[in-house]
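Colleague: Take these sequences, add in the hints, and give me the full structure.
Chains A and B supply the protein sequences, listed in that same order.
For the record, in the first sequence the residue sitting at position 44 is 44 according to UniProt numbering, with numbers rising by one throughout.
For the record, in the second sequence the residue sitting at position 56 is 56 according to UniProt numbering, with numbers rising by one throughout.
No false leads were mixed into what you were given.
Now the stretches of chain B that chain A is said to cover, found in silico as 3 or more residues with beta-carbon under 8 Å: (1) 52-63; (2) 73-87.
Pairwise CB distance ranges, derived in the manner of DEER restraints: (3) A/A189 / B/P6: 53 to 63 Å; (4) B/D166 / A/L164: 25 to 35 Å; (5) B/D166 / A/T251: 45 to 55 Å; (6) A/D248 / B/S111: 29 to 39 Å; (7) A/D229 / B/D166: 27 to 37 Å; (8) B/G313 / A/E191: 52 to 62 Å.
Simulated from the structure, these hints should not be mistaken for lab results.
Where a beta carbon is used, it is the ideal one built from N, C-alpha and C, also for glycine.
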Amino acid sequence: MPDDVTSPPPADLYRQLLLCRRFEEVVAEQYREGRVPGPLHLALGQEATAVGVCAALRRTDVITSTHRGHHHCLAKGADVDRMMAELLGRRTGYSAGRNGSMHIADPDVGLLGTNGIVGGGLPIATGAAFGLQVQGRDDVAVCFFGEGATATGNFGEALNLAALWSLPVVFVCENNRFAELTPSSTHVAGEVWQRAEAYGFPGVRVDGSDVHAVAAASHEAVARARAGDGPTLLEVMTYRLSGHYVGDPATYRDEAEAQAWRDRDAVARARADIAESDATAIDDEISTLLATAVERALAAPTADPEDLG
Amino acid sequence: MTTTRPLKFWQGVNQALHQEMERDEKVVLVGEDVGGPGGPYGVTRNLRATFGPNRVRDTPISESTIAGLGVGAAAVGLRPVVELMFFDFCMLAMDQIVNQAAKYRYFTGRSLPFTIRTMSGSGGSYGAQHCQSFEAWFAAVPGLTVVMPSNARDAKGLLKSAIRSDDPTLVIETFGLLTARRDTPVDEDFLVPLGVAETRRTGDDVTVVATGRMVDRSLEAAERAAADGVSAEVIDPRTIAPLDRATIVESVSRTGRLVVVQEAPGPFSVAAEVCALAVEECFDRLRAAPVRLCAEFANVPTPQELVEARVPGVDAIHAALLTVTR
Ligand SMILES: Cc1ncc(C[n+]2csc(CCOP(=O)(O)OP(=O)(O)O)c2C)c(N)n1
Chain A
1 MPDDVTSPPP ADLYRQLLLC RRFEEVVAEQ YREGRVPGPL HLALGQEATA VGVCAALRRT
61 DVITSTHRGH HHCLAKGADV DRMMAELLGR RTGYSAGRNG SMHIADPDVG LLGTNGIVGG
121 GLPIATGAAF GLQVQGRDDV AVCFFGEGAT ATGNFGEALN LAALWSLPVV FVCENNRFAE
181 LTPSSTHVAG EVWQRAEAYG FPGVRVDGSD VHAVAAASHE AVARARAGDG PTLLEVMTYR
241 LSGHYVGDPA TYRDEAEAQA WRDRDAVARA RADIAESDAT AIDDEISTLL ATAVERALAA
301 PTADPEDLG
Chain B
1 MTTTRPLKFW QGVNQALHQE MERDEKVVLV GEDVGGPGGP YGVTRNLRAT FGPNRVRDTP
61 ISESTIAGLG VGAAAVGLRP VVELMFFDFC MLAMDQIVNQ AAKYRYFTGR SLPFTIRTMS
121 GSGGSYGAQH CQSFEAWFAA VPGLTVVMPS NARDAKGLLK SAIRSDDPTL VIETFGLLTA
181 RRDTPVDEDF LVPLGVAETR RTGDDVTVVA TGRMVDRSLE AAERAAADGV SAEVIDPRTI
241 APLDRATIVE SVSRTGRLVV VQEAPGPFSV AAEVCALAVE ECFDRLRAAP VRLCAEFANV
301 PTPQELVEAR VPGVDAIHAA LLTVTR
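Modeller: Written as structure tokens, this is what we have:
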């Protein structure tokens, strides 16, 4: 990732979106083959949140992710082979295959971790922003979380503290309309983005099917954080096209609503932005990348009890 | 010759913080009232004046996020010291301590140089939500180091070691000991190593393992027992996790008797662990069943007389030493 990206070329956006989309699909296939030893929460339909937000980030910026975080990891520059190997429980994975999907971290690219605890990243991203501020760095911390996490105490604590200390953090609420098996109306009172106002900093709602809109909002929020002007809360309105976990039939979901989101799919829209020949080349590139990742992972030894320590 | 001074416990903590913040600019201190006011009990006085508001910060009352400040700041290169005012308040930060900090190395393979200071209200009249002893809870979590100094010297030396350690360390201070004195090296390089017990008194007939406020009481009881012809060895583990098993096993193997004294209730406690250790490792050498002297399994009361009625006193420890060696 180059420093100070402004607006990535459309081909790059498509490549990244497609990588996130196809990664999930490939991992889901592996899961159905019985090769993924843990639970999988996919972010199908949510790719533009990760790609758009991370388009404004440098390698030295840090993010915290969630239980549904493969797209965040990929967009921040995590290694595809090591991610795939981790998900397939292989020793070549990020933590020797012992931890799986909810515990992928790569501090070298600023990925402080996906997280099995809903809301667990809010205090950590706030702390990272504090650490960056103390050191006088102009890097920022970005915290990804679902709308379900806005019901946790950590949300109120983190927003208040980040505002008080004017921390360089961007809170990104990825509102995919569901928390586990229930709609957000069961979880969230009022509007998430408006909660920022009460703490005295900007709250912005953005269309998560439009990667350019997400990137623009992210640029503004990140620039504000870098300049020392404090936090921003971005609420990205998106939709989870997959079940909560692979295997969840998602019978609670309204098919017409899902179809409406499929019709505005960010990946398809990004593909339409570039020439067909370029798009085909990227399709092939990503297919090869993922096929190779699976092949390499499957050739590696499985997780070993020796690595427990 | 190292120069020592008879510091109070809180002064040991304060000196450790001054020295480590002076030594390494990556050390920062955050917590409720730690800055301007110098801590609710004055333990952190002058740090803000010395090191400034960038490195010493008063937080809002947000225990989970206060702990998260430590996790996140350590992850990006600082050596944060986080104060969670009372041990009881750590309950609000459990996720950050147990699920996040303690797992960081496991998930990333990286260090997380993060110190949490908290205080058990033991010995004070603060009641059932300010005086609990949770050391065994945290000691049961892989990935956490837990230390519990019983005096000024160890408070200073252990805290300095905790701050220099590359992994999350919980330092439990004790309210009832804050003004107790012990000769303490003033030296900047004085450290008490993590994971190493101190044998405070040598003896042949019975091993006493005591923590926190119970260490001084055990030493006094051992003096009295000496007058009765009983020679008691007193060990302060200082670090609860990882426990210095070797020192305890060596001593119990020699004396054949064990009395464990603690301020926490007995069930599922550090005392239970130490007894299990003795039974597993010293079974053939035991000449009597291990004895636990603990707080009653009841919530902590507020009036001082009731506080003391609930925990082992010198008389009870003395009596146990005589009984177990009879
Ligand atoms: C503290 C905590 N409570 C409950 C859960 C179980 N859980 C896992 S995902 C989830 C829903 C989270 O919803 P949201 O934050 O909106 O994220 P999404 O799954 O929609 O990405 C729940 C309740 C958990 N992992 N952690």
